Structure formats: C-alpha cells, structure tokens
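The whole structure should be built from the sequences, with the hints applied where relevant.
Number of protein chains: 2
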Amino acid sequence: MNTPLNYSHLKLGIIGGGQLGKIMSQKAKKMGFHVTVLDPTPNCPAGQVSDAQIVGGFYDQAKLVELIRTCDVTTFELENVDVEALKPLFDQGHAIYPSPYTIALIQNKYEQKKFLDSKGIPVPTYKDVKTPSCLESLGFPVVQKAKKGGYDGRGVMVLKSKEDLKNAIQGESFLEEMVNIDKELAIIVARNLQGEVACYPVVEMLFDERVNICDSVMAPARIAPALAQEVKDIAIACVESFEGVGIFGVEMFLTKEGKILVNEIAPRPHNSAHYTIESCVTSQFEQIVRAVTGLPLGSTELIIPSVMVNLLGEEGFEGEPLLEGLPEILALDKVSFHFYGKSHTKPFRKMGHITVLDHNLDLALARALKAKDIFKVKGTKPL
Amino acid sequence: MNTPLNYSHLKLGIIGGGQLGKIMSQKAKKMGFHVTVLDPTPNCPAGQVSDAQIVGGFYDQAKLVELIRTCDVTTFELENVDVEALKPLFDQGHAIYPSPYTIALIQNKYEQKKFLDSKGIPVPTYKDVKTPSCLESLGFPVVQKAKKGGYDGRGVMVLKSKEDLKNAIQGESFLEEMVNIDKELAIIVARNLQGEVACYPVVEMLFDERVNICDSVMAPARIAPALAQEVKDIAIACVESFEGVGIFGVEMFLTKEGKILVNEIAPRPHNSAHYTIESCVTSQFEQIVRAVTGLPLGSTELIIPSVMVNLLGEEGFEGEPLLEGLPEILALDKVSFHFYGKSHTKPFRKMGHITVLDHNLDLALARALKAKDIFKVKGTKPL
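Sequence lines, in order, name chains W and P.
Start counting the first sequence at 1; every next residue gets the next number (UniProt numbering).
Start counting the second sequence at 1; every next residue gets the next number (UniProt numbering).
A few of these clues could be false.
[What the hints assert, rightly or not] Calculated pairs, SDA-like style, for lysine to any residue (alpha carbon to alpha carbon, straight line, at most 25 Å):
no. : chain 1 : residue 1 : chain 2 : residue 2
1   : W       : K350      : P       : S8
2   : W       : K378      : P       : L5
3   : W       : K378      : P       : G294
4   : W       : K256      : W       : E243
5   : W       : K372      : P       : T300
6   : W       : K183      : W       : L361
7   : W       : K346      : P       : N6
8   : P       : K372      : W       : L5
9   : P       : K127      : P       : G150
10  : P       : K259      : P       : D208
11  : P       : K11       : W       : R349
12  : W       : K232      : W       : D215
13  : W       : K376      : P       : P296
14  : P       : K372      : W       : E301
15  : W       : K376      : P       : H9
16  : P       : K378      : W       : G294
17  : W       : K378      : W       : D208
18  : P       : K11       : W       : I374
19  : W       : K114      : W       : D128
20  : P       : K232      : W       : D333
21  : W       : K381      : P       : S8
22  : P       : K87       : P       : G150
23  : W       : K376      : P       : H34
24  : P       : K372      : P       : R349
25  : P       : K256      : P       : I234
26  : W       : K381      : P       : N6
27  : P       : K346      : W       : L5
28  : P       : K166      : P       : F140
29  : P       : K381      : W       : L5
30  : P       : K372      : W       : T300
31  : P       : K346      : P       : D208
32  : W       : K372      : P       : G294
[Stated by the list, open to error] Cβ-Cβ distance ranges computed for the label pairs, FRET-style:
no. : chain 1 : residue 1 : chain 2 : residue 2 : range
33  : W       : A366      : P       : S241      : 36 to 42 Å
34  : P       : G316      : W       : P88       : 44 to 50 Å
35  : P       : P40       : W       : H9        : 20 to 26 Å
These are calculated hints, taken from the structure and not from any lab test.
Fair warning: this is a prediction, and the values are worked out from it, not measured in the lab.
The C-beta atom is built at its ideal place from N, Cα and C for all residues, glycine as well.
Here's what the structure looks like:
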C-alpha cells in the first residue's frame with residue numbers, strides 16, 4: 001500500500017467480468033500481469049481469460065475486500081458498485097482507481113451534472129425532481145433520467161406530454177432539456193496516476209432507436225478539425241475537474257446549432273472505443289491498465305479508420321447463443337470479430353461486436369451495414 | 001468428426017502452452033471459442049488465459065488423445081510432438097491441423113529439405129550424414145544440422161575446419177552449404193481448410209550472434225518489391241507443395257548473389273510474425289484460428305511498419321523474473337509490451353517481446369534499439 005508498484009509480479013483486480021473486463025484482462029495478461037476478476041456469474045467472460053475469478057456481487061462487501069486485499073491495484077469495468085465499502089479501503093492506502101470518490105460522483109448522474117456545471121463544463125439544462133410536480137417544470141417534451149443505476153438506455157424516459165407522466169420513472173430522478181441533437185459524439189480520455197493525460201480521436205455514435213442502445217460507432221467522427229479539438233478540450237477539462245485516474249468515456253451532444261454539451265461520463269472502458277483495439281496504437285483496454293498502474297500512457301494515434309457494430313441478441317430468442325453467418329461476415333474485407341462468451345443471449349443483449357477497418361470510412365460503413373444484415377445471434381429458446 | 005463445425009460452441013485444442021499458444025488462445029477467446037491447452041508445465045503462459053489446461057507432455061499419448069477427443073479442432077504451437085500417436089486419430093476423422101503427416105514431414109529437417117527440393121523449391125546444397133566421414137564431404141566451413149528437435153539455434157553447428165569435428169552433433173544429422181547470407185528473410189503463409197491462401201509481408205530477421213536466436217525483426221524487409229514478390233511466390237509454393245492447413249513460417253536466405261533459398265519451415269505461428277499483432281489487420285494468431293477452423297482468412301495488410309525485439313533473459317540470472325526499465329520503455333513512442341508470464345527466467349530464454357511501431361521504419365528501429373538497451377529481465381537467482 002502506497003509502496004512503489006513491482007511490475008514484475010503485479011496483481012490486477014477487475015470489478016466486473018463482462019466484455020469490458022474480459023478485453024481489459026487480455027491486455028493485462030499480454031503485459032504479463034496476474035489478473036483476478038470479481039463477478040457474480042461463474043465463468044463470466046472475463047473469468048474465462050483471467051488467472052482467477054472471485055464469484056461475488058458488486059455490493060458484496062466481503063468479496064470486494066477479498067479482491068482488493070489480494071491485488072496490488074484494482075479497477076472497474078462498471079460503476080454500479082458499492083462505493084461506500086471501497087472508500088475506507090482507498091483511504092487506508094489501497095490502490096483503487098478510479099478512486100471510489102470519483103466513482104461515487106459519477107454514479108449519481110444528477111450530482112455528476114451539477115459538478116460539471118459548477119466547473120464551467122457545458123451541459124444541457126437540467127433540474128432536480130424533488131416532487132412529482134417538478135416533472136412539468138421544464139415543459140414538454142423533456143427527458144427524465146434516473147439519478148442512479150441506468151445503462152444502455154435504461155433509466156432514461158422521454159416525456160412527450162402530460163399523457164406520459166404516468167410512465168415517469170419512480171425513483172430519484174432529474175430532468176434534462178430535450179436537446180436538438182445533430183450527432184452524438186464520444187471520446188476517451190486517459191489520465192494516469194502521475195496526472196499524464198492522453199485523448200483518443202472523437203467518434204460518432206449511432207443508436208438503435210428501438211431500445212436506445214449504441215448500435216454502431218464511426219471512428220473518427222465526421223466533424224471539422226476545429227470542432228474535434230473543442231470536443232477534446234472539453235473532455236480533458238471534465239476528467240481534470242475531478243482528477244480522475246483511469247480512462248473515462250465522455251459522451252457529448254453536438255446540437256443542431258453547433259454547440260457541444262456533455263451528456264455523461266463513464267469511469268471505465270466504453271463501448272464507443274472498442275474500435276481502438278484494431279484502429280489505434282494503444283487500445284483503451286491496455287490504456288486503462290497503464291493508467292491505473294502508473295505506467296506511461298500509450299499512443300492514442302489512429303492508424304486506420306473503422307466502423308464498429310455491436311452484435312446484439314436477436315429479438316425472439318433467448319438461451320444459449322447460436323451464431324448465424326459467421327463465415328459470411330469473415331469473408332468481408334478487414335473484419336475483426338469479437339464474441340464475448342456469454343452463456344445466454346436475450347433480445348438486444350450485447351453478445352459481441354465487429355470492427356470493420358478501411359482507409360475510406362464510407363467503405364467501412366458499407367461493409368459494416370452488410371455484416372449487420374448477415375450476422376445474427378439467435379438462441380436455443382424461441383420466445 | 002467430419003461434420004460441419006458449429007461455430008457457436010467451438011472447442012479449440014492447442015498442443016503447447018508457451019507464448020505462441022498464449023497469444024493464439026487470446027485470439028480464439030476474442031472470437032468466443034472455448035480453448036483447452038496441453039502443456040507439461042502447470043499454469044503455463046497459455047493456461048493462464050484459456051478455459052482449461054491438460055497437464056501433460058507432447059509425447060504423452062493418453063493426454064494427446066484426451067485433448068483431441070474433447071476438442072472440435074486441435075492445432076499446434078510447436079512441432080516436436082508425437083505425430084505417430086496423432087496419425088490414427090487424424091485418419092479416424094478428428095480435425096487436427098496442420099495434419100500430423102505435415103508435421104511429421106516438417107519435424108525432420110532433412111526430409112523436409114529433400115521434399116522441398118523434389119518439388120523444385122530452391123534450397124541450399126545439402127547432404128545426409130550417414131557416417132562420420134560424411135562430415136567432411138562438403139568441405140569447410142559447413143553447417144551441420146540435427147534432423148530433429150532443434151530450435152532457437154539449438155541443433156545447428158558451424159564446422160569451420162577439421163578441428164571442429166570433435167564438436168559435431170552426435171545424433172542423426174545432415175550438412176548444408178555455408179550460405180553467403182545477405183539477409184535472413186521470413187514470411188508467414190496461411191492456408192485454410194478450403195485451400196484459400198494468404199501471405200503476410202516479407203520481414204527481415206536479425207540474430208543475436210552469441211546464441212543464434214532471432215533477436216529482432218523488421219517489418220517490412222528492406223528489399224525491392226520484385227524480390228518480395230519472388231519470396232512470396234516461393235513461400236506459397238512451399239505450403240501448397242504439401243497442402244498445409246494452418247499457418248507456416250517460411251525462413252529464407254537472401255544470398256549475397258541475390259538468390260533466395262528456403263532454409264526451413266515452421267508449421268505454426270512464428271517469432272518473426274509477432275509484429276502482425278499490432279502492424280497487420282489480422283494477426284498470425286487469429287489467422288491460424290481462422291485457417292484450422294475453416295473460416296475465411298483475414299486481411300494480411302500491413303497498416304503500419306514496425307520493429308519487433310525479443311526480450312531475452314539476461315545472462316547471469318535465473319529464477320523468478322524481475323523486470324528492469326518497464327516504465328522507461330513504455331514512455332517511448334508507440335511501444336507495445338508483451339510479457340509471457342513464464343515463472344522462471346534463464347539466460348537467453350524468450351520472456352517477452354516489444355513491438356515498436358512507426359510510419360518510418362528507421363525511427364522504429366532506433367527506438368527499438370534504445371528499448372533493448374534499457375529493458376532487462378533479470379532473475380531472483382544470480383548465476
């Protein structure tokens with residue numbers, strides 16, 4: 001604790017064993033580190049490729065303590081974690097990055113927004129919902145967001161009119177103006193223990209309208225260089241405002257009026273940066289390992305543009321995943337296939353992704369759309 | 001057996017659990033496959049990142065049978081394997097690629113050379129050593145090679161004069177002319193189950209003269225395009241001559257007279273192509289998985305040049321590895337660090353490697369040499 005890290009036998013802990021933890025673990029193992037994953041699902045994706053898995057939930061204090069005590073450095077693939085259990089361990093000197101204080105700030109989307117706002121970061125107009133009557137205070141349409149626990153489109157509700165109030169989120173929530181969105185942009189900022197900062201290219205996220213899940217990502221975003229620089233400056237300002245250590249996915253709106261507004265920050269690897277595995281010198285997954293272990297950050301240079309497409313579980317199926325069209329998509333030029341090893345599929349579950357590389361981004365997009373048409377993740381049980 | 005493969009739950013077996021098996025396993029896991037490794041060392045590098053390890057040697061027939069019976073497809077990270085045990089399994093229809101017949105041919109360097117020669121592939125002048133007197137039959141200097149079992153410079157002896165005959169290799173061997181080498185070149189050829197062929201760029205291998213171990217690799221080789229094409233044509237002819245399935249590292253000599261001669265073929269991932277992980281669209285490690293499972297081959301396009309440097313155990317140390325200089329080399333631009341997770345180091349053992357990327361190959365080489373100077377793998381026991 002607080003002694004210099006010994007990179008010869010470094011033990012890394014990862015809270016969360018889904019696809020983000022899996023790829024992070026693979027990059028840590030590439031560097032020769034020992035990796036233990038905490039996840040409630042035995043044989044989770046990350047557990048399959050790591051030295052050890054502790055089977056336990058993210059609010060299981062005993063298991064969190066066990067993980068942190070047996071590892072030299074612990075990090076996260078998700079933010080829905082018992083931060084109150086982690087704070088005393090961090091205060092005792094255990095290396096937990098991002099710090100539980102950072103995670104706590106980010107967990108609560110309302111507090112996160114208020115904090116960024118107080119630091120002069122541009123955010124959409126927002127307002128706390130203290131009583132049900134507050135729901136009408138910004139007019140309609142308006143976006144209602146749960147303060148905690150939402151992800152992949154969950155915990156977000158568009159209230160178009162008074163009629164929709166009956167569907168309003170019941171727990172703690174806040175309102176956000178309905179932004180007139182031109183593009184949804186994202187960027188990863190890495191900041192290591194020493195305060196060194198590195199920024200990835202700005203990318204463009206496209207969403208599946210049915211479920212509001214990020215569907216595909218274009219890297220780089222099709223925006224002017226000056227705007228890309230503005231996005232980078234804002235993203236770095238965000239991460240420096242709370243002195244984050246690790247990597248941070250910053251999601252932003254580009255409004256039709258050309259303004260950049262920060263939507264939210266994820267204190268971990270981000271779906272929008274899967275493309276970095278193939279397209280950048282250093283992937284986001286290696287970068288987080290470098291950042292939290294105090295190693296110098298790697299180059300974030302884009303060496304070839306790409307389009308990433310999430311492979312979601314087909315509607316109408318659950319159970320063990322059954323792949324359709326794998327040979328066909330791998331016959332397309334410059335396609336990299338990732339499948340996470342989840343034992344069960346369900347509609348819209350993130351089961352894998354592909355990255356299509358091309359020096360010409362339009363050609364990559366065309367092949368990505370073709371691949372998306374061909375490839376299906378069905379399941380053993382029709383619904 | 002001989003039924004179409006089900007990519008939804010494909011089980012891959014890998015014979016050999018060192019660094020080549022480790023990275024191959026990581027790429028198979030990326031694609032969602034289940035991986036079992038056979039290796040005599042518990043917790044070997046590949047075992048650390050795979051679903052399962054069978055602890056057993058490569059001549060342990062029961063363990064080989066166990067691996068092959070529990071996997072849909074089995075492949076190799078090394079060629080020193082009991083091929084006689086594998087042949088009947090292959091003949092029964094088990095998917096073992098490259099086939100044990102291919103492995104058998106390649107295992108015996110003399111038979112390999114004779115076979116390539118018979119197919120019109122250019123090879124150095126060679127001669128069987130039937131009796132000790134044969135050792136003088138090509139004059140001096142001459143290269144004596146063990147027919148079987150050599151690797152990383154072992155099983156090769158340069159006989160400079162009659163004086164050296166007392167050091168001659170004792171087992172079955174053959175002689176090869178002392179080629180007047182300008183450069184040592186290597187190339188990977190992939191050929192899948194369907195006979196589709198793909199060729200990687202030609203690279204240049206530089207050797208540590210002290211122990212004749214490949215020390216660094218420049219990708220691409222600094223040779224004229226017409227010569228590179230000749231190398232590719234010869235390499236493809238080699239692999240097609242024995243209808244190899246998998247990936248094959250073809251090592252060649254470029255003589256001072258400008259001739260290409262095939263030195264030897266490795267029926268597996270090759271040290272000279274580690275650079276493909278970062279520099280090419282599809283790494284050699286994903287390519288072998290695609291090839292042996294009958295998937296379409298991936299693009300071999302070089303997207304950024306690089307220099308790969310092996311990180312060998314320092315002279316004077318053994319025991320648990322101790323790293324020196326990791327933060328320093330990671331501070332260099334565009335350096336990717338691989339450490340294999342071997343529990344013991346010894347002088348000249350391959351412990352890891354780095355790949356230095358740069359659009360300008362000379363700049364990559366300069367940084368690679370600097371990194372090699374800075375980084376050391378020492379050990380807990382001084383010798």
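Each hint tested on the structure:
no. : hint                           : verdict
1   : W:K350 with P:S8               : 16 Å, holds
2   : W:K378 with P:L5               : 17 Å, holds
3   : W:K378 with P:G294             : 22 Å, holds
4   : W:K256 with W:E243             : 31 Å, violated
5   : W:K372 with P:T300             : 23 Å, holds
6   : W:K183 with W:L361             : 17 Å, holds
7   : W:K346 with P:N6               : 20 Å, holds
8   : P:K372 with W:L5               : 22 Å, holds
9   : P:K127 with P:G150             : 18 Å, holds
10  : P:K259 with P:D208             : 23 Å, holds
11  : P:K11 with W:R349              : 23 Å, holds
12  : W:K232 with W:D215             : 23 Å, holds
13  : W:K376 with P:P296             : 18 Å, holds
14  : P:K372 with W:E301             : 23 Å, holds
15  : W:K376 with P:H9               : 15 Å, holds
16  : P:K378 with W:G294             : 22 Å, holds
17  : W:K378 with W:D208             : 18 Å, holds
18  : P:K11 with W:I374              : 24 Å, holds
19  : W:K114 with W:D128             : 10 Å, holds
20  : P:K232 with W:D333             : 21 Å, holds
21  : W:K381 with P:S8               : 15 Å, holds
22  : P:K87 with P:G150              : 22 Å, holds
23  : W:K376 with P:H34              : 20 Å, holds
24  : P:K372 with P:R349             : 15 Å, holds
25  : P:K256 with P:I234             : 18 Å, holds
26  : W:K381 with P:N6               : 17 Å, holds
27  : P:K346 with W:L5               : 24 Å, holds
28  : P:K166 with P:F140             : 14 Å, holds
29  : P:K381 with W:L5               : 21 Å, holds
30  : P:K372 with W:T300             : 23 Å, holds
31  : P:K346 with P:D208             : 16 Å, holds
32  : W:K372 with P:G294             : 21 Å, holds
33  : W:A366 with P:S241: 36 to 42 Å : 39 Å, holds
34  : P:G316 with W:P88: 44 to 50 Å  : 45 Å, holds
35  : P:P40 with W:H9: 20 to 26 Å    : 23 Å, holds
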